[in-house]
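Chemist: One line per chain: the protein sequences are A and B, in this order.
Residue 37 in the numbering used here sits at position 49 of the first sequence; the count goes up by one each step and never skips.
Residue 113 in the numbering used here sits at position 125 of the second sequence; the count goes up by one each step and never skips.
Worth double-checking, as some hints may not be accurate.
[As the list claims (entries may be wrong)] So the derived label-pair ranges between C-beta atoms look like this:
id	chain 1	residue 1	chain 2	residue 2	range
1	A	Ser13	B	Arg355	39 to 47 Å
2	B	Leu272	A	Gly38	49 to 57 Å
3	A	Ser271	B	Ala411	57 to 65 Å
4	B	Asp222	A	Pro246	27 to 35 Å
5	A	Leu298	B	Asp222	24 to 32 Å
6	B	Leu371	A	Ser271	56 to 64 Å
By construction, these hints were calculated from the structure, which means they are not laboratory data.
Idealized CB from N, CA, C, for every residue including glycine.
2 protein chains.
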Amino acid sequence: MLPDWLAHRAVTTPDRDALVVGRRSWSFAALDAAATRAARLLARSGVGAGDRVATLLPNGDRPVVLAHAVLRLGATLVPLNTRLSDVELAWQIGDAGPRLLVVEARTAALAYRARRERPDLAVANLDDASVDADDKAAVALHLEHDPAAILAVLYTSGTSGTPKGAMLTVGNFWWSAVGSALNLGRHADDRWLACLPLFHVGGLSIVFRTAIYGIAAVVQDGFDADAVNRAIDDERVTIVSVVAVMLQRMLDARASRPYPPSLRCVLLGGGPAPRPLLERCASLGIPVVQTYGLTETASQVATLAPEDVLRKLGSAGRPLYPNEIRIDSGDHDAAPGEAGEILVRGPVVMAGYVGRPNDAMTNGWLRTGDIGHLDAEGYLYVLDRRDDLIITGGENVYPAEVEAALLAHPAVDEVGVVGVTDAVWGQRVVAIVRLAATPDADVVDMLRAHCRTRLAGYKVPSEIRIVDEPLPRTASGKLKRAALSSREASRT
Amino acid sequence: MLPDWLAHRAVTTPDRDALVVGRRSWSFAALDAAATRAARLLARSGVGAGDRVATLLPNGDRPVVLAHAVLRLGATLVPLNTRLSDVELAWQIGDAGPRLLVVEARTAALAYRARRERPDLAVANLDDASVDADDKAAVALHLEHDPAAILAVLYTSGTSGTPKGAMLTVGNFWWSAVGSALNLGRHADDRWLACLPLFHVGGLSIVFRTAIYGIAAVVQDGFDADAVNRAIDDERVTIVSVVAVMLQRMLDARASRPYPPSLRCVLLGGGPAPRPLLERCASLGIPVVQTYGLTETASQVATLAPEDVLRKLGSAGRPLYPNEIRIDSGDHDAAPGEAGEILVRGPVVMAGYVGRPNDAMTNGWLRTGDIGHLDAEGYLYVLDRRDDLIITGGENVYPAEVEAALLAHPAVDEVGVVGVTDAVWGQRVVAIVRLAATPDADVVDMLRAHCRTRLAGYKVPSEIRIVDEPLPRTASGKLKRAALSSREASRT
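Looking at chain A on its own, in the form it has when it is part of the complex:
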């Protein structure tokens, strides 16, 4: 059993900063008290051990407090992406079956629309005055946690196009924090900036990790390069988790002026980073540390050791202790340098997906679907995320999901969705469409509007190309996405 992290910190380091949002800050004692109040509120809404609590919350103190509150009720957090379409939201809520959906004023409309599909869903709006009333009712708090208990369900789209809820345990987050501390270190004066959404694993893991470490999480709502730079320059942020497009903008926004030495780690995730960016950071002395992480592994699974940054530029480093990585080349373990599917084993690997057989696991190894190789020294190089995955601005988009949305439109006969390299976003989503009939003039606008009702904004194709010729397919009729992808890349 693991004692509650936040409760432990509230007695051992009560006065240290636990959370900073804008000009407000919470000590561990204050955050602990807020989590207990929130737990009482949730309990009054009927949430108990084993229940799921969905949230639709922008970054701020609320998702942090809620995460700890849910943990100490022995319940499970389901943080939903606030950028999802109504259809997507309704689907995920239906799949997760939460006891309660927690929203605030800014997301209440989303919940209202999602509720049309699930009229029985209980919703608590934190900006509703009646909800905020302090309740003195006694609630049994869980201040010790089974490492095997499911702490969070995070939805990730799959190759099938249907999202899957990855069930992450208390132990997954614990081991993730310990493995990171043994690699990046843990300094008493660390402050970890979360400008990634807290409904993604990269953000949520910061919430739990900082409580385990007894350091401050500095939370910003949405990515703003100037705000991140200011936090580093003026607010003693020592570690920041970003994806490549963010780092690029941070550098652009300060005309490459160096960062203060207090910034000791820029943890760079979200897919392979462009080499020119890494070289630019190296020349500026910015301590960029590449990492390879997955929702299914509670964030980082391999991270470069700080001293290897220059020697192993482009590598995501070695697996974090005590996790293991191997490369599967189909019928054998890959030799050094040989590419294959990245497999992961260890205590950060999720318990499974909600309501599905755990077919992502083979003999304890998680099949990531991502492609990479290990060099002779065992350093991981991620060559490509799952061959069909598009990463745009750090968000994952699975082509199958976008294709399914477009195929649902009667004007569409055939569609293929691919990622096209983009200087700013890494990749952007491009749909190649063959129409069922002669096109109307406004067919592209019509299809895009159609997508917007069904897909999160970042999944809506930035470009829809209408073609006459049939899409490349295998003999059995399966889309040859790689062929389509290279054909379209050459047209860019």
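Assemble the complex: chain A is given as a structure, and chain B must be docked to it using the hints.
Modeler: Just chain B now, with coordinates in the frame of chain A:
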């Protein structure tokens, strides 16, 4: 399963310093190679998984290499105190039943004499040229470890006067390292000085902890205040584990000249520290952190957080995550401020004692026998080690053991052994003896010589007081040690 710490570091941080002894240093790659060579050597001597390997080694690189070698054979290390008497050594070897005893030139004579009692004992002398030959024979190395496997047996004397072998698991050392990192932090440039003997838990835990952290262990053979000060001033030592008498001498040796800021933690264990020493350190800005540790908990179990040093002067702090401490006042849990026996629960608590029923445990709680209280904020104050325990210069002496040695002499009728406060050593061992007949003039010298053949030097009474009156006893004839102790203290 936990991957081998050293092997993990040999691939992730191969070039970092792992071990420094005098002017020699070993990188993690070099230490790993040395551990494999040593494992091969041990295997050739018949050591396999589950076997015990006793060592009689002064501090240096050898006990460090051996510790890792034993781990990767799946065997158990039994590091014997090089200061034990022949009788004590023979007893512990008989109790542990090692497959092999490893010695070097300086301890070979000890082994030779111990062997008189156990002629079948296999001994390997590392300074014997034939032993050192490089052996290329293939040996199955264990590079993954079961957290429940017994990694070390460390002998600790008990209230009964008979030593007990505390069985510490792989997991005990792992959790100890993690709990310490979450409290004291882990910096990539840390260097942890071990001037405590590596056959004690305070030293041995540094060996494993530094490998887990990927930082350097700086090992000195024997305590020399000037050498410790030099290591801090010139060799970038950042953390040093000491007992009060050592710290006192370190300060005396430098006339209170301040330490460089690179020294970030003086971890002070080995019993309650004198308040004037703590105040002197506070006034000099020395980052002293008090800790309470036991052989049975793989070292630290409670440690003060650095920021509480001044506010909680004299406290050993809070239990290290995720361990718990409570105070048992006989029939109830003590209220804040109320003294009682210190009980410990958590993953650092040993698996049990060799060959004994695990009666130190009650419902998962280790009964330490030590007396303390928790304040209202849950900070531990250790008032007294087990009421009969004498701590002299950081070494534990159990009166019953010394009394048994003296009672074996025909001239002795009655004896009581107590600790008397000593400005340098914390306490010193004083024996109060009532003789069976009129004393010879040299009776004290005779008794001391008698003790020396049976007891480690630090256990031999520094003073033997001959008394005429009977010793204070209960109605049932049991020695009233507390009454004797206060009577003798007043005579000092």
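Chemist: Against which earlier hints does the structure fall short, listed by number upward?
Modeler: The structure conflicts with no hint, since it agrees with every one listed earlier.
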